[in-house]
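Sequence lines, in order, name chains A and B.
Each residue of the first sequence is one higher than the one before, counting from 1 in this note's numbering.
Each residue of the second sequence is one higher than the one before, counting from 1 in this note's numbering.
Hints in this document: simulated from the structure, not taken from any laboratory.
Now the in silico label distances, taken between C-beta atoms and shown as ranges: (1) B:Asp361 <-> A:Ser153: 44 to 54 Å; (2) B:Glu203 <-> A:Gln145: 16 to 26 Å; (3) B:Thr201 <-> A:Asp165: 34 to 44 Å; (4) B:Gly109 <-> A:Gly256: 23 to 33 Å; (5) A:Asp165 <-> B:Asp246: 29 to 39 Å; (6) B:Gly109 <-> A:Arg248: 17 to 27 Å; (7) B:Ala63 <-> A:Arg248: 42 to 52 Å; (8) B:Phe19 <-> A:Pro196: 38 to 48 Å.
Ideal Cβ positions, reconstructed from N, Cα and C, are used throughout, including at glycine.
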Amino acid sequence: MTNKTISWMDQAGDLYKQWADQQRALFRSMSLGIAPPGPPGALTANTPAGASEGMRQAQALWQSSMEQWVTLAQQAQPQSGLTAESLKTLFDPSQWAQAGLGPLDAAIEHLVEGPSYATLWTLDRKILKAQKLRGEWAKDLAAFQLLMHGAWSEAVKRFFQEINDTQGAPITTWRELIDVWIKTANETLLATHRTPEFLEVQRRLTRSGAECRLQEREIAEAFCEMQQTPTRTEMDEVQREVYDLRRRLRVLERSGIAAAIPHAASPRAAKKADRSRGARRTPPNSTA
Amino acid sequence: MHSRIQFDPLQIAKQFADFSQRLLQGSEMLRSVKDRDVQIATTPKTEVFRQDKTTLYHYEPMAKRAVAVPVLVVYGLVGRYTMADLQEDRSLIRNLLLQGVDLYAVDWGNPGRGDRWLTIDDYVNGYLNECIEFICRAHGLDSINVLGICEGGVFTLCHAALHPEQVRNLIVTITPVDFHADQAEGRTDHGFINLWTRSLTPEDVDRLIEANGNLPGELMSFVFSTMTPLSSLTKYNLGLLDVVDDEKKLLNFLRMEKWLADRPHHPGEAAKQWLKDLYQQNKLVKNQFELGGRKVELANITMPVLNIYAKEDHIIPPQCSRALAECVGTDDYSEIGLAGGHVGVFVSGKSQGILGKGIVDWLTERP
Numbered sequence: 001m002t003n004k005t006i007s008w009m010d011q012a013g014d015l016y017k018q019w020a021d022q023q024r025a026l027f028r029s030m031s032l033g034i035a036p037p038g039p040p041g042a043l044t045a046n047t048p049a050g051a052s053e054g055m056r057q058a059q060a061l062w063q064s065s066m067e068q069w070v071t072l073a074q075q076a077q078p079q080s081g082l083t084a085e086s087l088k089t090l091f092d093p094s095q096w097a098q099a100g101l102g103p104l105d106a107a108i109e110h111l112v113e114g115p116s117y118a119t120l121w122t123l124d125r126k127i128l129k130a131q132k133l134r135g136e137w138a139k140d141l142a143a144f145q146l147l148m149h150g151a152w153s154e155a156v157k158r159f160f161q162e163i164n165d166t167q168g169a170p171i172t173t174w175r176e177l178i179d180v181w182i183k184t185a186n187e188t189l190l191a192t193h194r195t196p197e198f199l200e201v202q203r204r205l206t207r208s209g210a211e212c213r214l215q216e217r218e219i220a221e222a223f224c225e226m227q228q229t230p231t232r233t234e235m236d237e238v239q240r241e242v243y244d245l246r247r248r249l250r251v252l253e254r255s256g257i258a259a260a261i262p263h264a265a266s267p268r269a270a271k272k273a274d275r276s277r278g279a280r281r282t283p284p285n286s287t288a
Numbered sequence: 001m002h003s004r005i006q007f008d009p010l011q012i013a014k015q016f017a018d019f020s021q022r023l024l025q026g027s028e029m030l031r032s033v034k035d036r037d038v039q040i041a042t043t044p045k046t047e048v049f050r051q052d053k054t055t056l057y058h059y060e061p062m063a064k065r066a067v068a069v070p071v072l073v074v075y076g077l078v079g080r081y082t083m084a085d086l087q088e089d090r091s092l093i094r095n096l097l098l099q100g101v102d103l104y105a106v107d108w109g110n111p112g113r114g115d116r117w118l119t120i121d122d123y124v125n126g127y128l129n130e131c132i133e134f135i136c137r138a139h140g141l142d143s144i145n146v147l148g149i150c151e152g153g154v155f156t157l158c159h160a161a162l163h164p165e166q167v168r169n170l171i172v173t174i175t176p177v178d179f180h181a182d183q184a185e186g187r188t189d190h191g192f193i194n195l196w197t198r199s200l201t202p203e204d205v206d207r208l209i210e211a212n213g214n215l216p217g218e219l220m221s222f223v224f225s226t227m228t229p230l231s232s233l234t235k236y237n238l239g240l241l242d243v244v245d246d247e248k249k250l251l252n253f254l255r256m257e258k259w260l261a262d263r264p265h266h267p268g269e270a271a272k273q274w275l276k277d278l279y280q281q282n283k284l285v286k287n288q289f290e291l292g293g294r295k296v297e298l299a300n301i302t303m304p305v306l307n308i309y310a311k312e313d314h315i316i317p318p319q320c321s322r323a324l325a326e327c328v329g330t331d332d333y334s335e336i337g338l339a340g341g342h343v344g345v346f347v348s349g350k351s352q353g354i355l356g357k358g359i360v361d362w363l364t365e366r367p
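Isolated chain A (complex conformation):
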C-alpha cells in the first residue's frame, strides 16, 4: 500500500515536471514566434522605423515575461510545501500519533497565514487552520504528558527510597505499603503542580484546547450558514439581546414600583402596598 502511494506521488511529481517543461517550451516558442521572420535588417528595410522599435520592445517584454514564468514554475512546487515527501507523511497513519504534524506544519502555516482573498478558499483555510491548531494542541498535550511522566517517575524513585530506608518503621501489611505509595506520590505530584513549568504547560494546554474548539466552531458555522441553520455565534447574539432586554425590564419594573409606592425603600411599606393591591408582586419569569 505504501509503495503504491509513493509510486503515485512520484508519478504526480513527474507529471508536474513535464507540465512545467511544456509551459516553458510554449512561452519560448511564443516569444520566438513574434520575432520577425527575416534578418533584422529586412525588418528595418520593409517597416517604418516606429513600428520596428515597437516590435523590439514587445519582443523584449515577452522575453522578460517568459523568464519570469520559468522562474515561477521552478519555485511554485517547493514554496507550496506540498512536496511528495510531505504528502507521503499525510498518508502515513503512523505519523499521526506523533505530536504535531511534522513536515506538514510549514505547509499548513504557509497556506493559513498567506494573504486572504475575498471569495476563494475560505472554508479550506478554516479547515487547515483547525488542523494547525489541532497540531499545536497535540504538542501541548505531549508536553503535559511528558512533564507528568517525569513526576510519576520521580514518585516511584522516592517510593523505593522510602521503603528501602531502614530507619523507617517496618511495613507488615499490603495496606501499609499502599499508604506509603499514596503519601509519596501525593507529595511529589503536589510539588510538581506548583512548579512554574507545570503551570505554564497546563496554561498552554488549556489555551490551545480553547483555540481548537473555537476554530472547529468556525467550520461548523460555515456549514450551518450553507444550510441557513442558526450558528452558535448567532444564538449567542440572540441570547445577549434577551439578556439585555431582561435587565432593562427589571430596571423599568423596579423604577415603576418605586414610583407607585411612596416609600419603596421600606419593605414594610411595600408589603402594605402589596396587600392594598390585593396581590403579591410577581416579577416576570417568576412562579411566585
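Since the structure of chain A is provided, determine the placement of chain B on it from the hints.
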C-alpha cells in the same frame, strides 16, 4: 538490599482472604443500592419565589422559633446549595432548623449556555436582592440575616456592602476575601486554584469562556481533583473498598459523589469576573470591585459579622478568609475557626454540632 517490607506469608494470605471477603460483600451491597436510595437535600421545603433559574426555598420549621429574624442561606455558583443539606445527620440546614431558625435557601439552578451573559451584578443586585426583598416583604421586616457560603459568601459580602440596610447580621463561611493570601502559611497543599488562575493570562480566561460559553463544571472538577491527586485517583478503588461493606458509610460516600457529580457550569461573564477581577486582580480586598457601576466598599459592611473558616481548607486557605477582619466597617466582628477542610466543615460528623450551634448562639445574642 535492605527494605522496610517485612511481609509474613501467612499474614499476607489472611489479608488477601479478608480483602476477598470484603470485595464479595461490597459487590453484593453495591448491586443492591439503587440511585433512588441515594437522596440528598431531603429536608422538607417549599418553593416560594422563582426568577429565571433562581429559586428561593423556605424550609418547614422543626422546632419552636428561637431566632426571630429569618436566615437566608446563599451558596455560590461553583457547586450546588445541596451541600448544606447532604443527609439527615450531616446537614447544616437541619441543624439550624432544629435549633429554631426560620430558614430560607437560594438555589441558582443549573446555568446553561444561554446564561453565559449573566454577571455577578445580576446575581448580587438582581436575584439575591430580589430574594432578600421577598423575604423582607413576607415577614414585614426591613432587614434579614444572611449566611453566605464560599462564592456565595462573596455575593453576600458584595450585597451587604451595597445594600447594608437590608442585612441585619451577616455570616460568611469558607469565603475568600484576599485572593492573594493563599501562600501566607506556605503550605504546598493549599491554594492551588489561586496559583492556577494566576498562571492564566486574562486573554486565556476570555478565550476559555468564549470557547465554552461558561466555565465548565467538569473543568472545575478536574482542577479540584488536581488538588488532591492521589485521593482522586484512588477514590473508586481504595476509597470505595474502605466503605463498601458498611452500608451507612457506603451511602455517605455515594451521597457525596452525587453532590460532586452535580457540579453546575459557571455562567461565562460571571466566571470572567470571578477569575479575572477577583482571583487574578484581587479587587475585592482592594475595594476596587465594581457591580452595577458602584464600587464594593467593604467598609460599608457595618452590621455584625461572623466569619467562619476551616483550618484545613485547601481550596480557600484560612488567611484568604480571615483578611475580612481588616476590611469591614463594623466593630462587631467575630471569627470561628473550625477543624476540617472546605467541605468537611459542613459534612463531617465532627463539625455537625459545632457549626450550627456556633451560628445560632451568635445570632441569639444579636436579635
